[in-house]
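Work out the full structure: start from the sequences and follow the hints.
Protein chains in written order, with our numbering: chain P, 1010 to 1123; chain Z, 9 to 125.
Everything labelled a hint here was simulated from the structure, so no lab data went into it.
Treat the hints with caution; some may be incorrect.
[As the list claims (entries may be wrong)] Here are the computed lysine to aspartate or glutamate pairs in the DMTMM-like style, where the Cα-Cα straight-line distance is at most 20 Å:
(1) Lys117(Z) - Asp1068(P)
(2) Lys66(Z) - Asp1047(P)
(3) Lys117(Z) - Asp1047(P)
(4) Lys1092(P) - Glu1078(P)
(5) Lys85(Z) - Glu16(Z)
(6) Lys1018(P) - Glu1033(P)
(7) Lys117(Z) - Glu1111(P)
(8) Lys57(Z) - Asp1068(P)
[As the list claims (entries may be wrong)] Residues on chain Z that point at chain P, a partial pick, calculated with CB under 7 Å:
(9) Gly37
(10) Tyr40
(11) Arg50
(12) Gly51
(13) Phe54
(14) Ile59
(15) Arg102
(16) Ile104
(17) Gly116
(18) Ile122
In this text, a Cβ means the ideal position worked out from N, Cα and C, and glycines have one as well.
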Amino acid sequence: DGGITQSPKYLFRKEGQNVTLSCEQNLNHDAMYWYRQDPGQGLRLIYYSQIVNDFQKGDIAEGYSVSREKKESFPLTVTSAQKNPTAFYLCASSIGLAPYNEQFFGPGTRLTVL
Amino acid sequence: AQSVAQPEDQVNVAEGNPLTVKCTYSVSGNPYLFWYVQYPNRGLQFLLKYITGDNLVKGSYGFEAEFNKSQTSFHLKKPSALVSDSALYFCAVRDIYSGGGADGLTFGKGTHLIIQP
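The structure is reproduced here in structure tokens:
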């Protein structure tokens, strides 16, 4: 999966809990992304970051938060405000935000709310 | 605004036959187009992209795709299917003037490709 690691692979959350999903890349890429994948809906962008200490909301940012303190790391926190968090979460990176750059994806984290 | 349509939820092909997975797009300007493949419980893998130039793009694992501007299509093809090609395939588009975020990469809903032995 192209030098991007995500952990854990499976995560179970009780209602009302915040959980943090890890994403690390060793590709020296500037841009990083978080997507949510639901069956039959394709991928939807949650947040993206172009450089350290900067990030922008995507299409479905409500109930999520991110940080980008290091170039290699882009953790995603799913907060209790996210009403339907059960999904497959994918982290990706690209050399930059230029539209012709392909994105490289991690193996994903499957989050289930109990 | 930009959008992608993958009109078939599932495509069934016999092993050894040619395969086509369809994709049509809509952008206000000129497109950059991508195909990705996803195996069960895994992340997406990049297959190929169209930026400019030759309308026939060759990618990984023997796949190719043909850009057709008049039909706004970017169908994925392979001359001879393998059982191991069975997976979920995503088409994605980006307007050449877009940045990231909501105006960045837009994915289709995916097509399940099933290759029967």
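Verification of the hints:
no.: 1; hint: Lys117(Z) - Asp1068(P); verdict: holds (16 Å)
no.: 2; hint: Lys66(Z) - Asp1047(P); verdict: violated (29 Å)
no.: 3; hint: Lys117(Z) - Asp1047(P); verdict: holds (10 Å)
no.: 4; hint: Lys1092(P) - Glu1078(P); verdict: violated (27 Å)
no.: 5; hint: Lys85(Z) - Glu16(Z); verdict: holds (14 Å)
no.: 6; hint: Lys1018(P) - Glu1033(P); verdict: holds (13 Å)
no.: 7; hint: Lys117(Z) - Glu1111(P); verdict: holds (18 Å)
no.: 8; hint: Lys57(Z) - Asp1068(P); verdict: violated (23 Å)
no.: 9; hint: Gly37; verdict: violated (10 Å)
no.: 10; hint: Tyr40; verdict: holds (5 Å)
no.: 11; hint: Arg50; verdict: holds (6 Å)
no.: 12; hint: Gly51; verdict: holds (4 Å)
no.: 13; hint: Phe54; verdict: holds (5 Å)
no.: 14; hint: Ile59; verdict: holds (5 Å)
no.: 15; hint: Arg102; verdict: holds (4 Å)
no.: 16; hint: Ile104; verdict: holds (6 Å)
no.: 17; hint: Gly116; verdict: holds (6 Å)
no.: 18; hint: Ile122; verdict: violated (16 Å)
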